[in-house]
Amino acid sequence: MSSLEQMYQQVIMDHAREAHGRGLVDLDLVQVGESHQVNTTCGDEIRLRVGLDHDTVASVTWEGQGCSISQASVSVLHELVEGQDLTDAEATMEAFRALMQAKGEAPDDDQEEILGDATAFVGVGKYPARIKCAMLGWMAFKDAIIQARKDQS
Amino acid sequence: MSSLEQMYQQVIMDHAREAHGRGLVDLDLVQVGESHQVNTTCGDEIRLRVGLDHDTVASVTWEGQGCSISQASVSVLHELVEGQDLTDAEATMEAFRALMQAKGEAPDDDQEEILGDATAFVGVGKYPARIKCAMLGWMAFKDAIIQARKDQS
Amino acid sequence: MLPANLREDFPLLTRTVRNGKPLVYLDSGATAQKPRVVLDAERDFYEAHNAAVQRGAHLLAEEATELFEGARADVAAFVGAQAEEIVWTENATAAINLVASGMGNASAGIGGDESARFRLGPGDEICVTETEHHANLVPWQALATRTGATLRWLPVDDEGRMILDDLDQLVTERTRVLAFTHVSNVTGLISPVQTLVERAKAVGAFTVLDGCQSVPHLPVDVRALDIDFMAMSAHKMLGPTGIGALYGRKELLDALPPSIFGGGAVKVVTMEETSWQEAPMRFEAGSQPVAQIVGMGAAARYLGGLGMAEVEAHERHIAAIMREGVAQIPGVRLLGPIGDENARDVIGLATVVVDGVHPHDVGQVLDDAGIAVRVGHHCNQPLHRRFGVTGSTRASAHVYTTEDDARAFIEALATVPAFFGVSS
Amino acid sequence: MLPANLREDFPLLTRTVRNGKPLVYLDSGATAQKPRVVLDAERDFYEAHNAAVQRGAHLLAEEATELFEGARADVAAFVGAQAEEIVWTENATAAINLVASGMGNASAGIGGDESARFRLGPGDEICVTETEHHANLVPWQALATRTGATLRWLPVDDEGRMILDDLDQLVTERTRVLAFTHVSNVTGLISPVQTLVERAKAVGAFTVLDGCQSVPHLPVDVRALDIDFMAMSAHKMLGPTGIGALYGRKELLDALPPSIFGGGAVKVVTMEETSWQEAPMRFEAGSQPVAQIVGMGAAARYLGGLGMAEVEAHERHIAAIMREGVAQIPGVRLLGPIGDENARDVIGLATVVVDGVHPHDVGQVLDDAGIAVRVGHHCNQPLHRRFGVTGSTRASAHVYTTEDDARAFIEALATVPAFFGVSS
Ligand SMILES: Cc1ncc(COP(=O)(O)O)c(C=O)c1O
Ligand SMILES: Cc1ncc(COP(=O)(O)O)c(C=O)c1O
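Protein chains in written order, with my numbering: chain A, 1 to 153; chain B, 154 to 306; chain C, 307 to 730; chain D, 731 to 1154.
Source of the hints: derived by calculation from the structure; they are not laboratory data.
Hints should not be assumed to be uniformly reliable.
Calculated pairs, DSBU-like style, for lysine-lysine (alpha carbon to alpha carbon, straight line, at most 30 Å) [said to hold, decoys possible]:
{"id": "1", "chain 1": "A", "residue 1": "LYS103", "chain 2": "A", "residue 2": "LYS142"}
{"id": "2", "chain 1": "B", "residue 1": "LYS303", "chain 2": "C", "residue 2": "LYS573"}
{"id": "3", "chain 1": "C", "residue 1": "LYS556", "chain 2": "B", "residue 2": "LYS303"}
{"id": "4", "chain 1": "A", "residue 1": "LYS126", "chain 2": "C", "residue 2": "LYS327"}
Given these sequences and hints, build the entire structure.
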């Protein structure tokens, strides 16, 4: 498998073509947070909304456009963290961040279990310029949670 | 004779020690011009006043302070051009300018005749940074003549 | 024709990239590679002549000053200017900002009476175009904010060409500055300089030309163009990073107040106030990028030695190969003029959008094939917005770009739609 | 102790000058010579990694970006800062101007609400000192003119020491900025940073430190000094020309509006308006001096490798030899503190006035002996005026300066009065 094929694994291509969680949903929850992130290199943007139900990440939806990596990544994010409690969601975020820093090294079994489909992004870690793309949605998620926790709507 | 000795010839040392034309003189002439020049590297300044009597450079006086080269040069300038008619004064200026550009080459006999004592500045032409010093008074002279010709006091 | 062995002058071009593939460098529009003569000029400066210029009275300082001013004369000659009309700046962006901030400072009371001609206020207008690089747009937005003047712009058509129909309504007696690019960094289009300058002169507006993408690729003569100011960057003209220049008419430069204040630019300084030197020194505050300036002089001489008419012919030729090749690929759209006739005014590059594939993904496939291109908005968001896209993929050429490079780009580009499953 | 063979690292030092005399380079205060590792870092960048940073998605662009950001981390570590607190600037002058102009722009309505804390107006005060280099005086004069604020200054005594008696009257609740040098480029005096910073903090003024003459010569830690901003220049710290840096507290940098506008510094640009990136990117508009930045990183590593405590000890030692020697020459006056006790706060240089001999003439005699010094006002007219002279002769040291260099200076200096017939 060439580096290129390792980067664009089928899982990624599928998520990119049919992204999950797209379309912001109006939320009737106590704690709602939103974040807008821009990748200044290419102008890609993601607006992501999180709704917390006590300690559970009850809803993660987003809108925006970008490259296949950023779109697939936010789609996988939605799949992974929606429904997780906050502690698990933070572990997932941390695992994804570590994967991006791993320069293409495969994650260990524990990490792989946390990451699930997101493991497919391992090849992105070899391309510093693309890590920003993969992180775009995750940055928005992290920030949206901070906003949500401030919120008492 | 070392380059240093060639630069600081006795004529120059003498003029520097006892400079001629120092002290601005009030002039009762039809055309009077003044110019103030600053050497921005070292802060040296010269204010020079010219009085024209028809086509004659009737008076050249100055005040200011600076290095031995700039002081000696304006002193020699005073000696040379005061009393000359304008055409001769311009020829003197031109000859001095040429001497400064000559990179230390001795002037030919014609030039030497025009330059007189100023021939002693030949060594300065080898030091680009010092040409500015030697030219300071001459720049002021050139500018003061332009001012004087505008003047009809 | 350019010399056949020209590529040997450029050490970096022998590099290999991903999986040992030879490098196909098609990102010269972002920054150019450097010939050995430029690198040697910089190194020789450091190893044999390095000293502060225009200040010291010692031998090294004299030598350094001579090289410094010699480079100024070389760069001036390269664009048809006088040496004292060339101001060193960090890059072209700084050059444009120097003019805009100088006008802002004049408007804020800096520079006294002589700078009055540069004062702007409410009711005054600044005109740019819709094809400007951010460097020739944002400084003018900031000047408008500072002074209360209004920013206007010439629109462009679907091919990116400036629409001149309303020129007389957009550039009027109220217009104080008309700033525009010589060559677009997205479409490669050469602007109608003469028409714009004539209109600006008719209404008494200053003209500011962004020469970033013209000076490296075609003959430029500031007197023939009859412009007031022009910005350029050495790193795009085979020169070092960290150095550029502003051309300005001497009488304008002598009246414009500086916007970077410090040593070397001043005449008399007291605790209360400061008087400035004449141009170009008044704009060159602080220790200058001397080694880079010497390198820029060497770059100007190198390009001048090749002959800018030859360079232009080469760059048009390469652009034509790329553009014709792109036109053959289904699902790939060229930004800018299409077709032979329309492409007459285009030089040096081909910028494309692959339907359904994001430019980052296009760039990734090309990179994997050893082809270096630029992806994104190329610091030109408004024009991309005008084209209805957020980004694009740009292949840009320079003197060392070969026909093979151009063909490698086309071949790799043709594989993109299929790779992402969007082939029609 | 510094390594005995350190001079071998510096190619230029083997040069000969007038009449084949070996060079005695005592003009490092103006600009330093460069070790081979710095030149090699620059050259290697050009020959193997040159590309536009932070934009391209190709391999070269990745490598260039890594070197670019790596250098930022190295320079940050060298002064005890975080990487994102280091902004690249053309030189130290540009770094100080960035802060002053940013405040001017904030005052002119650029930067919105977040920049409100930087707005100045009539009634506000800016305080500098009488020992400042023009680079840390003229930008503040201009800011005062732009905003209507008042410029004040701490005076110095006959030895050039800041007089702190009236500190509380000069730095008050009205004071918005206190800008001062860390080490004087004329007297070599180290400023009482702690006292000044404490007073500034007590009244809520921003502190701006001119680190040009400290960062190259002694250990500097911005956290320990507790300053808000600091300017430095690579060319004085054994690095390339054309590059410097501003340190700024992150939260301040994120709020200060830029003063150079263009590509790379912006987030979203429309024809109407622009939003900026966070620091440091918001201040780095236009293509950066990447090769020089890489060289500055190498210089910081080189100095760090020598150990700044060792460097400081060396520079104090050389300064002491020069100053003691000068004190023995009749008719030669030392600017700054005199005597062992007083000279404790002095580093790296000796600046002298020879009675009855103009500095240009002094410099000429030294130059003839192969000794390169700086003559003139060293971009510091107010301090010279305070000392009652228009210029002086400065011998300044760096890591490669030897005791023999210092002695050669003394010897040649001693011949000056007689040469000009002014011996007493
Ligand atoms: C104390 C001081 N401040 C500022 C500067 C200006 O530095 P630069 O010329 O590198 O901008 C210098 C050097 O000339 C200096 O010695
Ligand atoms: C048309 C145009 N203008 C301005 C610039 C800015 O030049 P620099 O980044 O060298 O300041 C560029 C290059 O990026 C450009 O292509």
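Consistency of the hints with the structure:
no.	hint	result
1	A:LYS103 <-> A:LYS142	holds, 22 Å
2	B:LYS303 <-> C:LYS573	holds, 26 Å
3	C:LYS556 <-> B:LYS303	holds, 23 Å
4	A:LYS126 <-> C:LYS327	holds, 17 Å
The structure is consistent with each of the numbered hints, conforming to all of them.
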